[in-house]
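Enquirer: Sequence:
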Amino acid sequence: MSGHGTPIPMTSHPCGPLSGTAEVPGDKSISHRSLILGALAVGETRITGLLEGDDVLDTAKAMRAFGAEVTDHGGGAYSVHGVGVGGFAEPDQVVDCGNSGTGVRLIMGAMATCPISVTFTGDASLNGRPMARVTDPLALFGTQAVGRTGGRLPMTLVGAADPIPVRYEVPVPSAQVKSAVLLAGLNAPGQTVVIEQEATRDHTERMLAGFGAEITVEETDEGRVITLTGRPELKPQIIAVPRDPSSAAFPVCAALITPGSDVLVPGIGLNPTRAGLFTTLREMGANLTYENERVEGGEPVADLRAKYSPDMTGIEVPPERAASMIDEYPVLSVVAANATGATMMAGVKELRVKESDRIDAMARGLRANGVTVEEGEDWWSVEGLGIGQVPGGGTCETFLDHRIAMSFMVMGMGAKAPVTIDSGGPIATSFPIFEPLMADLGARLTRNNS
1 MSGHGTPIPM TSHPCGPLSG TAEVPGDKSI SHRSLILGAL AVGETRITGL LEGDDVLDTA
61 KAMRAFGAEV TDHGGGAYSV HGVGVGGFAE PDQVVDCGNS GTGVRLIMGA MATCPISVTF
121 TGDASLNGRP MARVTDPLAL FGTQAVGRTG GRLPMTLVGA ADPIPVRYEV PVPSAQVKSA
181 VLLAGLNAPG QTVVIEQEAT RDHTERMLAG FGAEITVEET DEGRVITLTG RPELKPQIIA
241 VPRDPSSAAF PVCAALITPG SDVLVPGIGL NPTRAGLFTT LREMGANLTY ENERVEGGEP
301 VADLRAKYSP DMTGIEVPPE RAASMIDEYP VLSVVAANAT GATMMAGVKE LRVKESDRID
361 AMARGLRANG VTVEEGEDWW SVEGLGIGQV PGGGTCETFL DHRIAMSFMV MGMGAKAPVT
421 IDSGGPIATS FPIFEPLMAD LGARLTRNNS
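Each residue of the sequence shown is one higher than the one before, starting from 1 at the first, in UniProt numbering.
Calculated from the structure, these hints are not laboratory results.
Every clue listed holds true.
Derived lysine-lysine pairs resembling DSBU-like cross-links, with alpha carbons at most 35 Å apart:
{"hint": "1", "residue 1": "Lys307", "residue 2": "Lys416"}
{"hint": "2", "residue 1": "Lys349", "residue 2": "Lys416"}
{"hint": "3", "residue 1": "Lys61", "residue 2": "Lys349"}
{"hint": "4", "residue 1": "Lys235", "residue 2": "Lys61"}
{"hint": "5", "residue 1": "Lys349", "residue 2": "Lys307"}
Here are the in silico distance ranges between beta carbons for each label pair:
{"hint": "6", "residue 1": "Gly260", "residue 2": "Gly341", "range": "17 to 25 Å"}
{"hint": "7", "residue 1": "Pro154", "residue 2": "Thr446", "range": "32 to 40 Å"}
{"hint": "8", "residue 1": "Thr156", "residue 2": "Thr395", "range": "33 to 41 Å"}
{"hint": "9", "residue 1": "Gly76", "residue 2": "Asp262", "range": "21 to 29 Å"}
{"hint": "10", "residue 1": "Gly76", "residue 2": "Asp440", "range": "14 to 22 Å"}
Built from N, CA and C at the ideal position, the CB exists for glycine as well.
Given the sequences, and given the hints that come with them, work out the whole structure.
Expert: So, in structure tokens, the structure goes:
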């Protein structure tokens with residue numbers, strides 16, 4: 001399944017119980033960061049469990065273009081021979097980041113304080129997304145950016161030849177923006193400081209510390225203050241990537257709304273800055289339990305067991321939880337449609353600038369399948385119909401967004417009638433084994449042009 005090229009219309013049919021073990025791919029956020037920090041270290045970083053989706057593979061190609069040696073040893077095992085902080089070479093060609101907003105923004109940060117010029121592009125979805133939220137703070141280091149109208153790709157960044165350290169308060173919670181500034185700060189002298197009012201996923205901070213950077217995190221009256229001392233020599237690491245909680249969301253949510261289901265999803269990262277969906281589901285009354293809780297590679301991990309949950313009720317999701325589940329709101333809205341009563345989701349304007357406007361995309365598709373949705377710029381509400389009462393039968397536009405595509409595939413499993421999407425192709429960007437994994441559990445997914 002390719003995230004680019006000819007559309008692949010797909011239909012998800014109502015199905016019987018989902019059962020078995022769902023071994024989802026490695027965490028996408030940690031996979032991106034493993035490759036980038038491995039490329040900035042001196043020596044060989046070894047990675048196992050890397051997510052081999054299009055997004056991450058595009059980041060691996062980019063690291064090669066910057067001069068790092070990235071070797072695929074098979075089965076998700078990779079090695080990265082890094083070039084050191086500030087050692088990126090100027091790529092010979094345009095760097096194509098495909099569909100990955102995380103990839104392009106983190107890579108922009110990593111090269112922003114190197115004295116090189118780089119042109120970035122991506123697919124139609126990525127080229128329509130705003131980059132100013134990253135290039136504006138990078139300009140404080142002395143980086144220059146020239147792109148299309150509205151700060152969109154294709155875009156050329158000219159790295160700062162004499163970077164200066166930066167103190168930056170992130171205006172809207174965003175792990176991508178925070179991480180880009182910290183990565184830029186690696187090759188700036190002195191201390192770079194990032195302040196965030198709400199905690200976002202902290203994989204970058206954890207991993208920087210693991211690679212040997214001098215980094216501190218303090219909770220103060222200003223907010224969460226992250227201080228990085230520039231120009232360290234990063235030490236290569238051995239990294240075991242935990243399985244992706246954002247990918248786990250799909251078999252978990254499918255099990256909750258499909259009668260008779262009992263699905264085990266092992267080895268899922270439960271970093272508190274990422275686990276908001278699972279907390280929310282349990283508050284709604286989901287039969288979702290954590291088994292074999294443990295710590296692996298500095299990250300909390302557990303096996304998730306999700307069972308059919310016919311008595312879920314709508315809730316008001318706390319706005320302050322948004323940063324810890326921002327990618328999971330689309331599939332949460334599908335569960336909300338199967339709950340009783342309204343589910344209110346506020347503080348979510350970040351969803352407007354993801355791979356698509358995810359509030360608009362989900363609202364359109366839910367309405368097309370008989371669900372009532374209300375929305376504002378920073379909130380949306382889904383009126384639950386009760387378990388098994390979603391009419392279905394509609395066709396949904398995915399807007400080249402993998403999470404929109406998978407969310408509507410989940411909806412079809414518990415609806416009265418099949419749910420169709422215009423293309424499942426984008427799913428490959430983050431979850432290339434989604435189709436066979438769900439089929440093995442008992443889902444009925446069909447490709448309509450085969």
